[in-house]
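Participant: First residue of the sequence shown? That's 987 in the working numbering, and the numbers climb one at a time after it.
The set of hints was computed from the structure by calculation and includes no laboratory data. Only a predicted model underlies this, so the values are computations on that prediction, with no experimental measurement involved. A virtual CB, placed ideally from N, CA and C, is assigned to each residue, including glycine. Some clues are possibly wrong.
[Claimed, not checked] Listed below are the simulated BS3-like cross-link pairs for lysine-lysine, each with C-alpha atoms no more than 25 Å apart in a straight line:
| id | residue 1 | residue 2 |
| --- | --- | --- |
| 1 | 1144 | 995 |
| 2 | 1137 | 1120 |
| 3 | 1137 | 1117 |
| 4 | 1141 | 1170 |
| 5 | 1137 | 1166 |
| 6 | 991 | 1137 |
| 7 | 1141 | 1113 |
| 8 | 1046 | 1032 |
| 9 | 1137 | 1170 |
| 10 | 1166 | 1006 |
| 11 | 1141 | 1105 |
| 12 | 1117 | 1006 |
| 13 | 1006 | 1141 |
| 14 | 1137 | 1113 |
| 15 | 1141 | 1120 |
| 16 | 1137 | 1163 |
| 17 | 1137 | 1006 |
| 18 | 1120 | 1163 |
| 19 | 1006 | 1046 |
| 20 | 1032 | 1048 |
[As the list claims (entries may be wrong)] FRET-style restraints, in silico, Cβ to Cβ:
| id | residue 1 | residue 2 | range |
| --- | --- | --- | --- |
| 21 | 1024 | 1068 | 47 to 57 Å |
| 22 | 1141 | 1238 | 32 to 42 Å |
| 23 | 1052 | 1170 | 51 to 61 Å |
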Amino acid sequence: MILFKLFAKLFGYVLSFIYKIVNNYGLAIIIFTILLRLILLPSNLKQQKTMKKTAKIQKKMKEIQDKYSNDPVRLNQEIRDLYSEEHMNPFSGCFSSILQIIIIISIFILVSNPLTYMKQISSEKIKDYTKQVKEQNNGENVNYIEIAIIKSFGKTDKTVNLNMNFLGLDLSDIPLKDCKDDPKVFIIPLLYVSTSILSMKLNTIMMEDKKEKDKVKANKEDKKLIKVENKTEEEDVMESMNKGMRYVMPFMTVSIAIIAPLGLALYWFVSNLLMILERLFVNKFVKEEE
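The whole structure should be built from the sequences, with the hints applied where relevant.
Facilitator: Pasting the structure below:
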């Protein structure tokens, strides 16, 4: 949890700096998201190249596994040698996945607590504001207390004021809670769902295109058809697992987006758009390099 808060604080400084320039929370989130994706681009490019390399060495990996199936020590050594020859790190994909999880949770903490991580207001002052908000709500606990503080005192108190009006939407709104007062709160989550579906379809098209090219290449090299079919069956198992994750993850994040401040959905929507453009660029870049 300390690591997530550390990243949230770092992101908060950057978001605060941008906000002071543009004086709009939504625009600041968009610019922040673009900067973050640009910073992560080299890492994503490296991951994409690693994935393509991994796919290429699968045949060699299978040969090693068949040859040394009865000798685990030699098998592990040969696999390590193979990764070394290809200049690959088998754990690089894990690092990228862990980094993505850290960023997702840190951004959630940031947009849920903008007074702490963006405006750097002391915990003592936030406790005073919290007490006043609870008094207004007859002592009931309030979800996203810092968002509630902004809604209650932002217009009259500059200390907690944030301009969260963005294209007619209030980014401090929580879709599931505020939809009765303003149905427009579902616009950004719906846009996020749309870009998630587009991203999944794009990924599927790229995978099918790659599979077709692999089959053509295998036939050109006069490989046995049964080998191609066996490889396809193995890929189908992995593909079905990956497809399940690709469908589950967006719905999980959407379920969070509708119960979190709208600023989170805006970040995910913009991030999705940039990810689609990035994937197209990276795929083209890797193809040209090959």
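Participant: The structure should be examined with respect to each hint, and the outcome stated for every one.
Facilitator: Each hint tested on the structure:
Pair hint residue 1144 plus residue 995 holds up; C-alpha atoms about 21 Å apart against a cutoff of 25 Å. Distance hint between residue 1137 and residue 1120 is fulfilled; the C-alpha atoms sit about 13 Å from each other, no more than 25 Å. Straight-line distance between C-alpha atoms of residue 1137 and residue 1117 comes to about 15 Å, which keeps the hinted pair within the 25 Å bound. For a cut-off of 25 Å, the pair hint linking residue 1141 to residue 1170 stands: about 22 Å separates their Cα positions.
For the hint linking residue 1137 to residue 1166, the alpha-carbon distance of about 17 Å falls within 25 Å, and the restraint holds. Of the supplied pair hints, the one linking residue 991 and residue 1137 holds, its CA atoms being roughly 23 Å apart against a limit of 25 Å. Between the alpha carbons of residue 1141 and residue 1113 the distance comes to roughly 19 Å, so the proposed pair stays at or under 25 Å and holds. With a C-alpha separation of about 21 Å, the suggested pairing of residue 1046 with residue 1032 holds against the 25 Å cut-off.
Taken as a hint, the residue 1137 and residue 1170 pair is honoured in the structure, with Cα atoms around 18 Å apart against an allowance of 25 Å. A distance of roughly 32 Å separates the Cα atoms of residue 1166 and residue 1006; the hinted pair therefore is violated under the 25 Å criterion. Distance restraint check for residue 1141 and residue 1105: the Cα-Cα separation of roughly 16 Å lies within the 25 Å cut-off, and the hinted pair is therefore satisfied. Restraint check for residue 1117 and residue 1006: the C-alpha separation of about 28 Å exceeds 25 Å, so the hint is violated.
This hinted pair checks out: residue 1006 and residue 1141 have alpha carbons roughly 17 Å apart, not beyond 25 Å. Our distance criterion of 25 Å between C-alpha atoms is met by residue 1137 and residue 1113, whose separation comes to about 16 Å. With a CA separation close to 18 Å, the supplied pair residue 1141 and residue 1120 stays within the 25 Å bound. Restraint check for residue 1137 and residue 1163: the C-alpha separation of about 14 Å stays at or below 25 Å, so the hint holds.
Of the supplied pair hints, the one linking residue 1137 and residue 1006 holds, its CA atoms being roughly 20 Å apart against a limit of 25 Å. With a C-alpha separation of about 18 Å, the suggested pairing of residue 1120 with residue 1163 holds against the 25 Å cut-off. Taking the CA atoms of residue 1006 and residue 1046, the gap is about 55 Å. The hint is violated against a cut of 25 Å. For the suggested pair residue 1032 and residue 1048, the alpha carbons sit about 24 Å apart, so the restraint of at most 25 Å is met.
Between residue 1024 and residue 1068 the Cβ separation comes to about 33 Å, which falls outside the hinted range of 47 to 57 Å. At about 35 Å, the CB distance of residue 1141 to residue 1238 agrees with the hint of 32 to 42 Å. About 59 Å separates the C-beta atoms of residue 1052 and residue 1170, a value consistent with the hinted range of 51 to 61 Å.
In this structure, the hints that do not hold are numbers 10, 12, 19, 21, in rising order.
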